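**Q** Each chain, letter by letter, is given below.
Protein chains: 2
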Amino acid sequence: MDTDKVFKALGDPTRRKLLDLLCEKNGQTLGQLCENLDMARQSATQHLEILEAANLVSTVKRGREKLHFINPVPLYEVYERWVRKFEHQRLSLLHDLKKELEGE
Amino acid sequence: MDTDKVFKALGDPTRRKLLDLLCEKNGQTLGQLCENLDMARQSATQHLEILEAANLVSTVKRGREKLHFINPVPLYEVYERWVRKFEHQRLSLLHDLKKELEGE
DNA sequence: AGAATATGCAGGTAAATACCTGCATGTCAA
DNA sequence: TTGACATGCAGGTATTTACCTGCATATTCT
Numbered sequence: 055m056d057t058d059k060v061f062k063a064l065g066d067p068t069r070r071k072l073l074d075l076l077c078e079k080n081g082q083t084l085g086q087l088c089e090n091l092d093m094a095r096q097s098a099t100q101h102l103e104i105l106e107a108a109n110l111v112s113t114v115k116r117g118r119e120k121l122h123f124i125n126p127v128p129l130y131e132v133y134e135r136w137v138r139k140f141e142h143q144r145l146s147l148l149h150d151l152k153k154e155l156e157g158e
Numbered sequence: 055m056d057t058d059k060v061f062k063a064l065g066d067p068t069r070r071k072l073l074d075l076l077c078e079k080n081g082q083t084l085g086q087l088c089e090n091l092d093m094a095r096q097s098a099t100q101h102l103e104i105l106e107a108a109n110l111v112s113t114v115k116r117g118r119e120k121l122h123f124i125n126p127v128p129l130y131e132v133y134e135r136w137v138r139k140f141e142h143q144r145l146s147l148l149h150d151l152k153k154e155l156e157g158e
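These protein sequence lines are chains U and Y, in that order.
The first sequence begins at 55 in this note's numbering and counts up by one.
The second sequence begins at 55 in this note's numbering and counts up by one.
In case anyone wonders, no lab produced these hints; they're calculated from the structure.
Mixed in with the good hints there might be a few duds.
Simulated pairs of lysine-lysine, BS3-like, Cα-Cα distance not exceeding 25 Å [as the list claims (entries may be wrong)]:
id: 1; chain 1: Y; residue 1: K59; chain 2: U; residue 2: K139
id: 2; chain 1: Y; residue 1: K79; chain 2: U; residue 2: K139
id: 3; chain 1: U; residue 1: K71; chain 2: U; residue 2: K115
id: 4; chain 1: U; residue 1: K59; chain 2: Y; residue 2: K59
id: 5; chain 1: Y; residue 1: K62; chain 2: U; residue 2: K139
id: 6; chain 1: Y; residue 1: K139; chain 2: U; residue 2: K71
No experiment lies behind these values; they were computed from the predicted model shown.
Could you put together the complete structure from these sequences and hints?
**A** Below, the structure written as structure tokens:
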């Protein structure tokens, strides 16, 4: 997994909305997704390309249409490998802060 | 929580490294963090400001030093409110794909 | 075949971003 | 108090990014 591509892809609100839309209904065409976006089709295409490069979206051509499918695996991996390790810190934060203010 | 600020903050490798550094040792000064970064101090300061604006880092001044503390709560909230809802999709992805290819 | 439809390709621009340098301020310690 | 040290402030620049328009290609339907 390319962690940087995944985080960068998630760093844009339009792309997060696209994932939301695909979560509601998987396998939508470019045109369907554009109807919910308030921007030119080309802009949406570029966002979808970034999501695809991050492996967050997979596509299949069916005739003249292009179907988009969400792939939540990278999201799960981000959580597993990256978010979880910070969780244990949560409880000790106030303790660390207190210790530091007291001059350690 | 400002979801956009959190995701944007996480979208840069330098800022993720800063969080990693703070995860290893909480409460580091600006100078300490800079030693691990290979960029000018000012650049690191700007990254830390972004992390602070996203509430991923809190700071305390101690004399002439500025101590930085990681705050993993936003990360946990991102997972809870945003990543989890995609998890159930994981298992049904192949099924949806198959259905679509068969013309639904 | 010809028209309508869905998407791809090729630039072009304005704003955001990630860097930097130079100087100022505040704090500690001899 | 004065020199060393840690950080803050104010721009300046080059790259990246997010958008656009115009035209081309491929597929479907009549």
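**Q** Could you run down the list of hints and mark each one as holding or not?
**A** Status of each hint after checking the structure:
Taken as a hint, the Y/K59 and U/K139 pair is honoured in the structure, with Cα atoms around 21 Å apart against an allowance of 25 Å. For the suggested pair Y/K79 and U/K139, the alpha carbons sit about 13 Å apart, so the restraint of at most 25 Å is met. Using a Cα cut-off of 25 Å, the hinted pair U/K71 and U/K115 holds, with the two alpha carbons roughly 22 Å apart. For the given pair, U/K59 sits about 17 Å from Y/K59 by alpha-carbon distance, which is consistent with the 25 Å threshold.
About 20 Å separates the Cα atoms of Y/K62 and U/K139, which keeps this hinted pair within 25 Å; it holds. A C-alpha spacing of about 13 Å is found between Y/K139 and U/K71, which places the hinted pair at or below 25 Å, so the restraint holds.
Checked against the numbered hints above, the structure breaks none of them.
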